[in-house]
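Chemist: We have chain C; now place chain S onto it with these hints.
Residue numbers (the numbering used here), protein chains in the order written: chain C, 1371 to 1549; chain S, 3 to 190.
These aren't lab readings, by the way, just hints derived from the structure by calculation.
A few of these clues could be false.
What the hints assert, rightly or not - Just the calculated beta-carbon pair ranges, DEER-fashion:
hint : chain 1 : residue 1 : chain 2 : residue 2 : range
1    : C       : Ser1410   : S       : Ser28     : 49 to 55 Å
2    : S       : Ser58     : C       : Thr1427   : 51 to 57 Å
3    : C       : Ala1444   : S       : Gly189    : 34 to 40 Å
4    : C       : Thr1481   : S       : Met19     : 25 to 31 Å
5    : S       : Ser33     : C       : Phe1527   : 39 to 45 Å
6    : C       : Gly1382   : S       : Gly177    : 46 to 52 Å
7    : C       : Asn1515   : S       : Ala139    : 28 to 34 Å
8    : C       : Ser1394   : S       : Gly83     : 47 to 53 Å
Stated by the list, open to error - Calculated from the model, a selection of chain C residues having no Cβ within reach of chain S, i.e. all distances over 10 Å:
hint : residue
9    : Asp1416
10   : Pro1426
11   : Asn1480
12   : Lys1483
To be verified - If the Cβ cut is set under 7 Å, some of the chain S residues that face chain C in the computed set are:
hint : residue
13   : Pro4
14   : Val5
15   : Ala18
16   : Ala78
17   : Leu81
18   : Ser129
19   : Arg186
20   : Ser187
Glycine included, each C-beta is placed from N, C-alpha and C at the ideal position.
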Amino acid sequence: MFPLASINMNSGAAASFNFTNIPSTFTHLQLRCFVRATSSQSTPYDLTLTVNGTNPTEFAYHQLRGDGSSVSSANLTSDNVFRIPLAVPDAFHTANVFGNVVIDILDYANTNKSKTMRAIFGWDNNGGSSPSAGWTGLTSSGWFNTNAINRLEIATFGNFSQYSRVDLYGISTSTATGA
Amino acid sequence: MPVSLASSSAASMHGAMVPIANVAASGSSNSLSFSNIPSNYQDLMIVLNARSTNASTTTQAIMFFNGDTGSSSYSATWLNGNGSSVSSGRDTNFSQLYCVDGMPAASATSGIFSSTTFHILNYTSTSAFKTVLIRQAADLNGSGLTRLTVGLWRATPAAITSLGVNTVSGNYATGSTMSLYGIRSVGQ
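Just chain C, with the same shape it has in the complex:
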C-alpha cells in the first residue's frame, strides 16, 4: 500500500477532491475520506465518486446500513457515479463530527472487467433521532465499463467543510505466482 496523493481543505471549504492522471501501475486503489458538508439538512448527504469524467447511467449500488435503531438496505441502478449514501454529516449535525469512509476499488486498471467499489462508512452524532443521529454501513457499487480508472472526483451536495480531506493509496500485489 503506497500513498499516492492527499488533498485537504485545511484552508477552507471547497466543492470536490479531484485526482487526475492516476497511474495504472497498481492493482487496487484505496481512498480514505474524512468529510463533512457545509450545507444543512437532517438527512446526511451522499458521498459520490465521478469516474473518468461523466459516464451517465453506468453505475449501480447496494447498501446495508444501521441508524442506531433499525437496519435497512437500499439500491439504485442507472446511476451516474459510485455512490455512498448517508456518509457525509453536515452543518445540521454536531460540530466537529466528520464522516469516515474507507473505499476500496479493486482491479481498477483492468480493461477486461467492469469495476467494483466497496466501502465501509460511519459517523455518530452522540444521540438524536434518525436520520440525524448517525449511520454506519457497508456499500458496494459497480461501474459497468471496462475502461481503466484514471480520474476520480469526490463530491457531495454543495461544499465540503474546512478540514475535510481525502487520501488516495495504491495497493500492489506480489509478482510471485502460484503453482
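Modeler: Positioned in the frame of chain C, the structure of chain S alone reads:
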C-alpha cells in the same frame, strides 16, 4: 481541489502501512494499551485478536483514548448480524466506547478468538472529534456475530496520544494480541 498524479511511481515510494507496536496478553490483565503514540502518521489502524478468561461464553471490550474514562465523551452506532437476525443500536454519553461484542470467553470452544480492526482517521487533528470505524468478526461455530461500529470521542478536539482496549469481564487470554499500525500520507 485538483491534484495530478502524472509523476507517481511505486519505485520511489515508501509503504503506507507501518507497524508501530504490538502487545501480547499473558492471561493476567484485562487491558491492552499503547502510549506515546507518535504523531507523524495520517491515520491509525489497530488489529485486535482476542479472547477472555471470564467464565462465560462471550464478553465485551471497551476502548478509551488519552486516559479519558470519566467524561461521558463517547458514543457509538452499530450494525450487527448474528446469523439469524440483524439489529442496530446506539450508545450516547458513555464514559468508554463499547467496541467489541461477542468476544469468545472461557466457556467458548477453545482456540477461538474474535478479530477486530479499528480505523482512526486524522487522529492528530485538533479541529475535529475523533471517529473510529470498527469491523468485528466472532464466529463460535454455531453462534457468533459480525458487527460494524462507528464510535465517536468528543473530547475537545485533541490528538490521540494513547489508547487502551479492556475486556469488560475477565482478563485477556494468553494468545490475545493487539497491533498498532500507522498509515502514512504523501510526504510522511
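Chemist: Of the numbered hints stated earlier in the document, which are not met by this structure?
Modeler: 8
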